[in-house]
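**Q** Assemble the whole structure, with the sequences as input and the hints as a guide.
Protein chains in written order, with the working numbering: chain D, 1 to 395; chain W, 1 to 258.
Note that these hints are calculated values from the structure, not bench results.
One or more hints might be untrue.
Said to hold, decoys possible - Capping the alpha-carbon separation at 30 Å, the derived lysine-lysine pairs in DSS-like fashion look like this:
#  : chain 1 : residue 1 : chain 2 : residue 2
1  : W       : Lys83     : W       : Lys26
2  : D       : Lys217    : W       : Lys83
3  : W       : Lys26     : D       : Lys51
4  : D       : Lys293    : D       : Lys271
5  : W       : Lys150    : D       : Lys382
6  : W       : Lys26     : D       : Lys382
7  : D       : Lys51     : D       : Lys123
8  : W       : Lys26     : D       : Lys123
9  : D       : Lys293    : W       : Lys103
10 : D       : Lys217    : D       : Lys293
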Amino acid sequence: MSIAAAVTLAGLALDLVFGGRGMPAPAYPDSAASACFFVAITTGVYLSVRKRPIAAVLGGRHLAITTLIVLLIWGALLGYFPQVDTQPAGPIYQRVLRAPPFVFALLLLVANLWWGVLHRLGKRLDASALFLVNHLGVAVTLGAGLFGTGDLIRMDVWVGKNDLVWYGTERGHPRELPFAIHLHEFDVEFYPPELRQIDPTTGAYAEMAGSPPIPLKPGSSGQIGNSHVEVLDWSADAPWSSPDDAVPAARIRISTPGGDPAEGWISSGSKLAPPIFMPLGDQVIAMSEPRPKRYLSQMTIVREGFEPMEASVEVNKPLRVAGWWLYQKGYRPNPSGPGYLSQIEAVRDPWLPFVYTGFGMMAAGSLLGFARAGQILRNRQKQQVSANPLPSQAP
Amino acid sequence: MNWTHFPWIFGSAALCWALASCLSGKWLIRLAFAGTVVVAAFIAGLWWSLDRPPMRTLGETRLWFGLLLPASGLLIHRFVPWKWPLVVSTGMALLFLGITLAKPETHDRTLMPALQSPWFVPHVVIYMMAYAFLCHTALTSICYTWISRKNPGRAESALPIVEASLWVGFGLLTLGLLCGAVWAKEAWGHYWTWDPKETWAFLTWGCYLLYFHLQPVWRKNPRSALLFLALASVTVFLCWFAVNAMPSAAQSVHTYTG
Numbered sequence: 001m002s003i004a005a006a007v008t009l010a011g012l013a014l015d016l017v018f019g020g021r022g023m024p025a026p027a028y029p030d031s032a033a034s035a036c037f038f039v040a041i042t043t044g045v046y047l048s049v050r051k052r053p054i055a056a057v058l059g060g061r062h063l064a065i066t067t068l069i070v071l072l073i074w075g076a077l078l079g080y081f082p083q084v085d086t087q088p089a090g091p092i093y094q095r096v097l098r099a100p101p102f103v104f105a106l107l108l109l110v111a112n113l114w115w116g117v118l119h120r121l122g123k124r125l126d127a128s129a130l131f132l133v134n135h136l137g138v139a140v141t142l143g144a145g146l147f148g149t150g151d152l153i154r155m156d157v158w159v160g161k162n163d164l165v166w167y168g169t170e171r172g173h174p175r176e177l178p179f180a181i182h183l184h185e186f187d188v189e190f191y192p193p194e195l196r197q198i199d200p201t202t203g204a205y206a207e208m209a210g211s212p213p214i215p216l217k218p219g220s221s222g223q224i225g226n227s228h229v230e231v232l233d234w235s236a237d238a239p240w241s242s243p244d245d246a247v248p249a250a251r252i253r254i255s256t257p258g259g260d261p262a263e264g265w266i267s268s269g270s271k272l273a274p275p276i277f278m279p280l281g282d283q284v285i286a287m288s289e290p291r292p293k294r295y296l297s298q299m300t301i302v303r304e305g306f307e308p309m310e311a312s313v314e315v316n317k318p319l320r321v322a323g324w325w326l327y328q329k330g331y332r333p334n335p336s337g338p339g340y341l342s343q344i345e346a347v348r349d350p351w352l353p354f355v356y357t358g359f360g361m362m363a364a365g366s367l368l369g370f371a372r373a374g375q376i377l378r379n380r381q382k383q384q385v386s387a388n389p390l391p392s393q394a395p
Numbered sequence: 001m002n003w004t005h006f007p008w009i010f011g012s013a014a015l016c017w018a019l020a021s022c023l024s025g026k027w028l029i030r031l032a033f034a035g036t037v038v039v040a041a042f043i044a045g046l047w048w049s050l051d052r053p054p055m056r057t058l059g060e061t062r063l064w065f066g067l068l069l070p071a072s073g074l075l076i077h078r079f080v081p082w083k084w085p086l087v088v089s090t091g092m093a094l095l096f097l098g099i100t101l102a103k104p105e106t107h108d109r110t111l112m113p114a115l116q117s118p119w120f121v122p123h124v125v126i127y128m129m130a131y132a133f134l135c136h137t138a139l140t141s142i143c144y145t146w147i148s149r150k151n152p153g154r155a156e157s158a159l160p161i162v163e164a165s166l167w168v169g170f171g172l173l174t175l176g177l178l179c180g181a182v183w184a185k186e187a188w189g190h191y192w193t194w195d196p197k198e199t200w201a202f203l204t205w206g207c208y209l210l211y212f213h214l215q216p217v218w219r220k221n222p223r224s225a226l227l228f229l230a231l232a233s234v235t236v237f238l239c240w241f242a243v244n245a246m247p248s249a250a251q252s253v254h255t256y257t258g
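**A** Structure below.
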């Protein structure tokens, strides 16, 4: 417990010194130098004590257990409390990610994994394969994630149709990109709207639990409570739409036993037009807000010294350009004109190949774990056969 | 096939599994398998009618658990031919399907673009399989913790079965985590953001990892190993359900809807 406790105390002391500002994350070349220094120092420490009992402690399970417990405690705080970035800094449980004791515990875990790998090297590979791929995989993934934090750049780029943009914002601060994005077109396709029931006191959907939603297309109908609802007409461009603002709307008929049928329009509204509802008892019938099915940006990437590149970016289909990844992150109505502004996220993560190498090792470790399960069951069967030729029965 | 058929599906599966629990031998397997096939057929039909994988909401993931728990029980039964784990797993599956029956959701066809990824189905299915195997681990652990209170030797005999199930469950948990990380990189730009759901996935993984590292303790006291595994399963349910109710949930983009 002593090493993990000492590291936690050192981290807490440093947190006091930093005044809660959090651990700095060095960027390249300092990040690469830090990683090399970390590997060199941990390897050097191990080699200098490798013939002493302390070597087994450094790479041993006792240190792993105490470090894991410390990390699980920090993880529980991180997972339970909302994390906020305020000035002056709030309590440590609300800023765990950059708090020195948490970062130190992660570094200690990487060191312990690395020492464990060094300690196991040289032993029979077939007996150590599961151990090595699992421990090295986690060490590489965690190490690359930690030392690469300062090199990870995530920038939001908002771009409208026909705009040429070569800058974005990183955590609210403007920053230039090494290329420019010229947006030709932003396409968004919506799911067909559905008929929904809303509780007017809360504004929330009062789900028609269990029954399939009624699609808003002419001729479709369904039952809501004891009322029959029929869709008479639907338009993506209702008569009260303006040239730059299409308003989707549907004309419906509600028939309630013992009452006259009621007919009227419902609409989810638009940028300029308010939504329209129809009353049904103590609730209201509404058109669901349009939900995007897919959206993509068609653009030209302009780089100095290179031919302009035509490309498109879609959710789940990022674009690789000049060491960056461009993601289709979102969109919003253009406040200064028709259509939408496309939100592109530009991400640079030079440590990703190391992380994925670690992932590959961890995946191999999982497969070896399945083999281990089979081995355990085979050993059990052998023991049973040798102990008792009759098969065992349930307890 | 749509949600209005679910009470019939639930009833058919319950009938098959209830009959299975009264029988043994081949009929136990056949009826347990038949109930599982009924649930599988419903999920396939729902998938077809919704035109999307039914994995978007919490209720839909419970359906998968109701399928994969008895399916993994049947697989385990091939290696450890005891009746009770299979019966308990079908009972547990009925409980989860029953919750879904009692809390019906509106199943619309929409699927947000980020979920329209080739990683979505493997991630959820692998995770649900992991949860199923870890649930078997927990159920066997709970049972043998009780049985071994007067005869600690019984705990030792159960440990290999529990650990075999744990190795499979933990391996699947790791693969599910990795699938999710690669998918997150493709869809959201980064493989790990310590989102509350991700943090609880890490905590679940870390708790089971702790078990593997405490082997010398368990060799001396197998009953405490079983107790640990029974308690560790709590993290699975915290990650799956309870994270939605935590103060941090508002910051999550990965919690289930519904």
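**Q** All hints are to be evaluated individually against the structure, with a verdict given for each.
**A** Structure-based check of all given hints:
For the suggested pair Lys83 of chain W and Lys26 of chain W, the alpha carbons sit about 11 Å apart, so the restraint of at most 30 Å is met. Our distance criterion of 30 Å between C-alpha atoms is broken by Lys217 of chain D and Lys83 of chain W, whose separation comes to about 52 Å. With a C-alpha separation of about 59 Å, the suggested pairing of Lys26 of chain W with Lys51 of chain D is violated against the 30 Å cut-off. Annotation: proposed proximity of Lys293 of chain D to Lys271 of chain D holds, straight-line Cα distance about 19 Å (limit 30 Å).
Note on Lys150 of chain W and Lys382 of chain D: the hinted pairing holds, with a Cα-Cα distance of about 27 Å set against a maximum of 30 Å. Restraint check for Lys26 of chain W and Lys382 of chain D: satisfied, since their Cα atoms lie roughly 25 Å apart, inside the 30 Å limit. Restraint check for Lys51 of chain D and Lys123 of chain D: satisfied, since their Cα atoms lie roughly 15 Å apart, inside the 30 Å limit. A threshold of 30 Å between alpha carbons decides the hint, and for Lys26 of chain W with Lys123 of chain D the separation of about 47 Å lies outside it, so the pair is violated.
A C-alpha spacing of about 27 Å is found between Lys293 of chain D and Lys103 of chain W, which places the hinted pair at or below 30 Å, so the restraint holds. Straight-line distance between C-alpha atoms of Lys217 of chain D and Lys293 of chain D comes to about 17 Å, which keeps the hinted pair within the 30 Å bound.
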